[in-house]
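Visitor: Listed below, chain by chain, are the residues.
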Amino acid sequence: MQALDIKLLRDFRRLWAQALAIALVLGCGVAIFLTSFGMYNALEDTRAAYYERNRFADVFSETRRAPATLAPEIAAIPGVANVETRTVGSVVLDIPGRVRTGVGRIISLPNGGLPQLNIPILRAGRLPAPDATDEVAVNQPFAEANGFVPGDTLRANLNGQKRSLTITGTVLSPEFIYTIGPGQMMPDNEGFGILWMPERAAAAAFDMTGAFNSVALSLTRAANAAEVIDRLDDLLAPYGGFGAYGRETQLSNSFIDAEIAQLKNLALVLPPVFFGISAFLVNMVLARIITLERAEIGLLKAVGYSNREVCVHYLMLAGLVALVGILIGFAAGSWLSHALAVLYADFFDFPYLIYRVSYDVYVIAAVIALAAAGLGAARSALAAARLSPAVAMQPPAPPQFSRSLFDRALAAARLSQPAMMVFRSILRWPVRAGLTTLGLALAVAVMVAATFTDDSLDVIMDQAFFQSNRQDTMLLFSEDRPVSAIEEVRRLPGVLAVEGQLYLSAELRHGHLSKRVGIEARPPGADLSRAIDTQGRVVAPPPGTILLSARLAAELGARPGDSIEVEFLGNRRETFHLPVAGLVTQYFGLGAYMDFDTVNALFRQAPQVSTANILLDDAQEDALHARLKDMPGLAGTMMLTESRRSFQDTIAENVLIMNAIYATIAVLITVGVAYNGARVQLSERARELASLRILGFTRAEVSGILMGETLVLALAAQPLGWLLGWAIAWSMTAGFTSDLYSIPLVLKPATFAQASLVVLTATVAAVLVVRRRLDNLDLVAVMKTRE
Amino acid sequence: MDRPIFRTEGVTKVYDTGGAKVHALAGVDLELFAGELAVLLGPSGSGKSTLLNILGGLDRVSSGKVWFRDLDLTALRDRGLTRYRRDHVGFVFQFYNLVPSLSARENVQLVTDVARDPMDPAEALGLVGLSHRIDHFPAEMSGGEQQRVAIARAIAKRPEVLLCDEPTGALDSKTGVQVLEALKDINDRFGTTTVVITHNAAIRKMAHRVVRFHDGRISGVEVNDTRLAPHEIAW
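Keeping their order, the protein sequence lines are chains V and A.
Mapping of the first sequence onto this note's numbering: position 619 corresponds to residue 619, and the numbering continues sequentially without gaps.
One gets this note's numbering by counting positions in the second sequence from 1 and adding 787 to each.
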């Protein structure tokens, strides 16, 4: 091995603590990049492959009942490649061994077997026979959650008729990668299942013989999706079309989109912070090393090493730090992405796992990490290369201190000389002091940005469950029913209170912007399900107006007082212009609210309801469910209490894990910055501090000077960190927001205090470690050493 | 001692230290011959170190010419000077300038790694009487031993010239003599042109020629008819 390489390795070994502190920060960046960017790629590639192989449709539409003869007309729309018409229905399930009712979505399979689009993959057993009337294939997660194997049976209330269905097989479908039932916030595979049933049986059950109520299209490469959607809407309008939509609005797909967007957001926001801090730390440490090794650099040049060789020597030192960081990052990133893949496996149902971060992502991460270290090292390494050998052999000129306005201010403040030394040093190296402050501020910011979600979720929970939707259970009717249906529900066991509610599908337009939403209308005085305005007050939509959720209003570019066009879909195909009366706070979905009587008047109908909201006596829950399993005209039930509990559990667990991870990250950043900063200062001031000791200053006084600078900078970093944390949190909430949900920016003083506490504690700990070196300082040796 | 190995013509060196111009060399014409041991003598600030740096290719002239044999050092760019130092020159410094993280052998190896026809590091250390300290680190050696490692490092590449800047400046008289013995031994054995700069007048007695410096100029050159061995010198 070359002597210069031996020097490199020995230097690296001597610097191990500082190198490790930097490598850990760099490793964090690599790990988060691997996890976020790697998973982003893996998820997108897996989905793309699945969609391609199983021909996931491009356009979807539901309708009330369209004749089968319409299919050729749909196929004739320019740009349409394939048309799949089918029967889709919702049923209440009686699952053996389960007290609560389940909800099933029936999807018809063409008589020939597999459809042309959204092709299910058979995972076990077989598909139902085309002629069978009581056979179904179910989605695999539903089967697994309930312990079903082919041959098992379950009972379903099919349009008022209770039938026993035999499970012939389990399947997965690209339409249901994220399987979420009506009104649920996260998948409940036990209570919600997809049932594929032969066309003939499904049509008979839902009165769709010779007709269809759902259509899926694939498009040619050259097709204009917006135009196809318009043409399809025109064709389906006379048959109660609910409005066609593209993939981006398909429920399962849009949840994956939201997850992919989050990963991308994470990959773009966090890793640059770590790489930036690493570059700064490498810069700070290497600049010091090169100052210390000035004479050695001169010597290397004197004996004939070229500028390039000297430059490379120092770049390689940074390279070694990067290498350790990369290895740490690879290990942590592989572990993290594996953990994330396991988490995804719980939520997303893919037939194959391409949940492996591809090798090129590892290569990209390594290249970025090397580039960050190289960038940090570049200035110092180039300075070493440029140093003239004759100059390098001379001791460096003492740093320039001069009296400035600030000095006069310090003098006026009558600071002690040690305090003066602290402040002068900060002024002498303003860039370094500034970057140290920024580094520590980023540690605070990471903590703030990570922990705020805890409080945000509290607000979401409170808003969703304790302010707006206070009912325990919702019953979904297969068809809108007269309000008298509410009286029947009132007689069910355990029902303490019941209120009706009407849902209407509509397309809202304002200017050139439009959005398809469900409008809710409730009879006056409804108390279980309520709309809450942006000030937190309960509001009822005034007659003849519409209330919009704040996000929906933003998407439509509408403000209170504006008039928006409301085109109702389904069987109530009329268009009205309604003024926006106010805005409603809502974090799930894009809601709109109208007065119950206004709706009934507009459609000249007797009052109708689509759902019944129930306040339940918990003791009688089992009795209620026993009755619901046999109740005709029910399309499904929603257990809000259950959703609330599973949401809280999942969130509580995830928040705990995430907080721990981010606190670790903040500590690593802090230690990286504070420890290296203090070490560099100790190295620069060893003579000065030893002189003070010789002059009679105590250890405590001398270490006060050493620790003072880092602590002053750490304190200065706090307000900046809060500000940066607020900005990162804000950009994260913006990144999380989709049509499905949004996260409010809730920052409490406790969040800031916790972040500051962690960072300041870590700073003090890091500086105390350096202080121990100061205690062991050999006064005589330091004074003798020539710099 | 017939052919000049170094020749300088009207060499000046001006340092610009923030407004005040310092004339470190104010026109130096000098010839140094192959195989000779020359002592450049003068008080500090007289310009002798500046000249040594220029001869060694560590620094550049402000005006004038410097030849190493037929090579015009003043015409060389950075890369050429590096090549020149690597191939022809050995340096010994007042403060040894050893790399503290490398052992004696490795410090010598630092040079043999990049030289064209080097000797074995162990051999070079043997020449300065340090075979028994070969794996010791600088911190484990005395000043005299460290300087002898530096000499071993300088001669390991078999240089044509050995440039020594106050080689005994940081040493006491006794260890200083040991170092000078080592330098004389190399000069006698290999005929390496050796230039020693010092402000210690006693050392002049071991030289073939003594060049005196004063205020950036040569104030006199004398030839020693009878040289003393280092152990006969004391200060």
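By construction, these hints were calculated from the structure, which means they are not laboratory data.
Beta carbons are placed, not taken as given, at the ideal position from N, Cα and C, and that holds for glycine.
Treat each hint with caution, since some may be false.
Said to hold, decoys possible - Label-pair distances were calculated between CB atoms; the ranges are:
id : chain 1 : residue 1 : chain 2 : residue 2 : range
1  : V       : Leu695    : A       : Arg1004   : 41 to 47 Å
2  : V       : Asn659    : A       : Gly930    : 55 to 61 Å
3  : A       : Glu927    : V       : Arg699    : 38 to 44 Å
4  : V       : Leu427    : A       : Ala807    : 39 to 45 Å
5  : A       : Arg1004   : V       : Gly374    : 44 to 50 Å
6  : V       : Glu309    : A       : Glu927    : 52 to 58 Å
7  : V       : Ala750    : A       : Glu927    : 53 to 59 Å
8  : A       : Gly930    : V       : Leu695    : 43 to 49 Å
9  : V       : Trp16     : A       : Ser831    : 29 to 35 Å
10 : V       : Leu768    : A       : Lys808    : 49 to 55 Å
11 : V       : Gly434    : A       : Phe820    : 57 to 63 Å
12 : A       : Gly797    : V       : Arg772    : 56 to 62 Å
To be verified - Here are some chain V residues the structure puts well away from chain A; computed CB gaps all over 10 Å:
id : residue
13 : Pro78
14 : Leu235
15 : Asn253
16 : Ile256
17 : Ala302
18 : Leu496
19 : Glu701
Said to hold, decoys possible - Computed from the model, here is a short list of chain A residues facing chain V with C-beta under 8 Å:
id : residue
20 : Ser849
21 : Gly851
22 : Arg866
23 : Arg873
24 : Glu893
25 : Gln896
26 : Asn1011
Visitor: Confirm or reject each hint.
Guide: Here is what the structure says about each hint:
Range check, Leu695 of chain V to Arg1004 of chain A: about 44 Å between beta-carbon atoms, so the 41 to 47 Å window is met. Take Asn659 of chain V and Gly930 of chain A: their Cβ atoms lie about 58 Å apart, and the range 55 to 61 Å holds. Take Glu927 of chain A and Arg699 of chain V: their Cβ atoms lie about 29 Å apart, and the range 38 to 44 Å is violated. Checked against the given bound of 39 to 45 Å, the beta carbons of Leu427 of chain V and Ala807 of chain A, roughly 27 Å apart, lie outside it.
For Arg1004 of chain A paired with Gly374 of chain V, a C-beta distance near 48 Å keeps the hint of 44 to 50 Å intact. Checking the proposed 52 to 58 Å range against Glu309 of chain V and Glu927 of chain A shows it is violated: the Cβ atoms sit about 28 Å from each other. A hinted range of 53 to 59 Å holds for the C-beta pair Ala750 of chain V and Glu927 of chain A, which are about 57 Å apart. One distance hint, 43 to 49 Å for the beta-carbon pair Gly930 of chain A and Leu695 of chain V, is violated here, with the actual separation near 29 Å.
Against the hinted window of 29 to 35 Å, the Cβ-Cβ separation of Trp16 of chain V and Ser831 of chain A comes to about 41 Å, which falls outside the hint. Take Leu768 of chain V and Lys808 of chain A: their Cβ atoms lie about 50 Å apart, and the range 49 to 55 Å holds. The given range of 57 to 63 Å is respected by Gly434 of chain V and Phe820 of chain A, whose C-beta atoms sit roughly 58 Å from each other. Checked against the hint of 56 to 62 Å, the pair Gly797 of chain A and Arg772 of chain V passes, with Cβ atoms roughly 59 Å apart.
Once the 10 Å rule is applied to beta carbons, Pro78 of chain V is consistent with being away from chain A; the minimum gap is 69 Å. With a least beta-carbon separation of about 78 Å from chain A, Leu235 of chain V lies farther than 10 Å from that chain, consistent with its non-interface assignment. Every beta carbon of chain A lies more than 10 Å from that of Asn253 of chain V, the smallest distance being close to 59 Å; the non-interface claim holds. Every C-beta of chain A lies more than 10 Å from that of Ile256 of chain V, the closest at about 54 Å, which supports listing it as non-interface.
A beta-carbon of chain A comes within 10 Å of the beta-carbon of Ala302 of chain V; the shortest separation is about 5 Å. Its beta-carbon lying about 80 Å from the closest one in chain A, Leu496 of chain V satisfies the requirement of being farther than 10 Å from that chain. Annotated as non-interface, Glu701 of chain V keeps its C-beta farther than 10 Å from every C-beta of chain A; the closest such distance is 30 Å. Of the supplied interface hints, the one on Ser849 of chain A is violated, with its beta-carbon coming no nearer than about 13 Å to a beta-carbon of chain V, more than 8 Å.
Annotation: Gly851 of chain A was flagged as interfacial toward chain V, and the flag is violated, the nearest CB pair being 17 Å apart, outside 8 Å. For Arg866 of chain A, the suggested interface contact is upheld, since its CB lies about 7 Å from the closest CB of chain V, less than 8 Å. A least Cβ separation of about 3 Å between Arg873 of chain A and chain V falls short of the 8 Å threshold, and the interface hint therefore holds. A distance limit of 8 Å between C-beta atoms decides the matter here; for Glu893 of chain A the minimum to chain V is near 5 Å, and the interface restraint holds.
Taking 8 Å as the C-beta cut-off, the interface hint given for Gln896 of chain A holds, the closest approach to chain V being about 4 Å. This hint is violated: Asn1011 of chain A has a C-beta 29 Å from the nearest C-beta of chain V, more than the 8 Å allowed.
In this structure, the earlier hints numbered 3, 4, 6, 8, 9, 17, 20, 21, 26 are contradicted, and the remaining ones agree with it.
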